[in-house]
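J.: Listed below are the residues making up each chain.
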Amino acid sequence: MALKLHGVAMSTCTARVLTCLHEKEAEFELVPVDLFAGEHKQPAFLAKNPFGQIPVLEDGDLTLFESRAISAYVAEKFKETGYDLIRHQNPKEAAQVKVWMEVESQQYHPAISPIVYQFFVAPLHGKTPDEAIINENLEKLGKVLDIYEEKLSGSKYLAGDFYSLADLFHLSYTYYFMKTPRANLINDRPHVKAWWEDISSRPAFVEVASGMNFGEEKKD
Amino acid sequence: MVVKVYGPAYASPKRVILCLIEKGVEFETVNVDLLKGENRDPEFLKMQPFGSLPVTQDGDLTLFESRATMRYFAEKYKSQGTDLLGKTLEEKALVDNWIDVEATSFNPPIYAMTFQILFAPALGLPKDEKAIQESEEKLAKVLDIYEERLSKSKYLAGDFFSLADLSHIPFTQYLVGPMGKEHMVKSRKHVSAWWDDISSRPSWAKTLQICPPPM
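If you read the sequences in order, they're chains A and B.
For reference, each letter of the first sequence is one residue, going 1 to 220 in UniProt numbering.
For reference, each letter of the second sequence is one residue, going 1 to 215 in UniProt numbering.
The set of hints was computed from the structure by calculation and includes no laboratory data.
Note that this is a predicted model, so its numbers are computed, not measured.
Glycine is no exception: its CB is placed at the ideal position from the N, C-alpha and C atoms.
Just to be clear, a hint being listed does not mean it is correct.
Unchecked claim - In silico lysine-lysine, DSSO-like type, Cα no more than 30 Å apart, as pairs: (1) A/K140 - B/K46; (2) B/K46 - A/K193; (3) B/K154 - A/K48; (4) B/K189 - A/K41; (5) B/K154 - A/K140; (6) A/K77 - B/K152; (7) B/K186 - A/K41; (8) A/K143 - B/K36; (9) A/K79 - B/K78; (10) B/K130 - A/K140; (11) B/K189 - A/K48; (12) A/K4 - B/K130; (13) B/K4 - A/K92; (14) B/K4 - A/K156; (15) B/K76 - A/K151; (16) A/K77 - B/K87; (17) A/K92 - B/K76; (18) B/K206 - A/K92; (19) A/K127 - B/K138; (20) B/K154 - A/K41; (21) A/K151 - B/K46; (22) A/K151 - B/K36; (23) B/K138 - A/K48; (24) A/K143 - B/K46; (25) A/K4 - B/K152; (26) A/K127 - B/K141; (27) A/K48 - B/K186; (28) A/K77 - B/K78; (29) A/K151 - B/K206; (30) B/K36 - A/K140.
As the list claims (entries may be wrong) - Output of the computed footprint for chain A on chain B, the stretches with three or more beta carbons under 8 Å from beta carbons of chain A: (31) 61-74; (32) 86-97; (33) 103-110; (34) 141-154.
Required output: the full structure, derived from the provided sequences and hints.
T.: Spelled out as structure tokens, the structure:
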């Protein structure tokens, strides 16, 4: 039975899992969730994820939510195929991957996510991007990126000289961030810029990015 | 060389300490005074460039982020002590799922409340009552979801104690203790039973004994 991922291609968190699935060459079905109709807040969906968020993964009778946990499960289940995202045969490297996965979740995400929200989601609710929120978080993101710049001057990727799930976790939010007028935060830092260009040009992500058209005009 | 955990007085390092005690792994602690800004010393930043606690050293491996660290030790010592990751890949996935719920939904509001109520006064900052109220409301909604979950399963990831439950212990202790918000737990029957269970584990009593909190 193939994996079923409930979500939408243009959503950052769904894209995180999609990228992992592609890297692992895992077979799956993307089951669309109608966010605009509020499907994710209906009882049938809440039974899968009581927090009412996408994505949700169904693998037989296992139901998972939280995109990072889903990705970690996929990376482990399919550890023998596709690209090695978790360095499972080297405990020290695997430990560093775990560290930088948490850094993305605890340091990077809280700073970048409100910026992406203000530019992409607020307008859908009829609001103009809130400059105060954007600026406050740009300052935080800048400090995090200074640390990344230092780290990436010593290693090609975050957990070491190997691409890993830790780098992958950054892709989807950064992809949308790079479409805002604040992309200079990445482009002004040479090692971060080089790292971004490298990880965002991996075929697995290029495939996923083609579906990440949030906010773009539909062309008929 | 014995495992070293930095910053035992504070909550996040206690996730690692709990894990080490449950797995029966020896360790030492090194005090770090946040109020004196010791986490901003150049020597500390070399180990942990983000300046937050804990940092843990296991031989020549230096790790930070408490959840990454506890996952590492739970895996390294999976054949000894309490089983904290479940027995199958599927159980481990559920453990990961609920650790992430703690990290993304439970921790932000409880951390904000901890900072505003317990630490802001010590730092000479005014308490942001609005932030406290908003965080308390968010936390209440999360606890309602936990109440539903724990009415169907004894622990968060299933019928076994795991890192997912453990991850909640240090900050919840602040909530029911010095923050004076015990009613948020006690008013929810299943959350209350779950908290009584996990907080009465010998590992938590030992943790509090050897690493008393700063207040």
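J.: Which hint numbers does the structure go against, in order from smallest to largest?
T.: When the structure is compared with the hints, numbers 5, 12 and 29 turn out to be violated.
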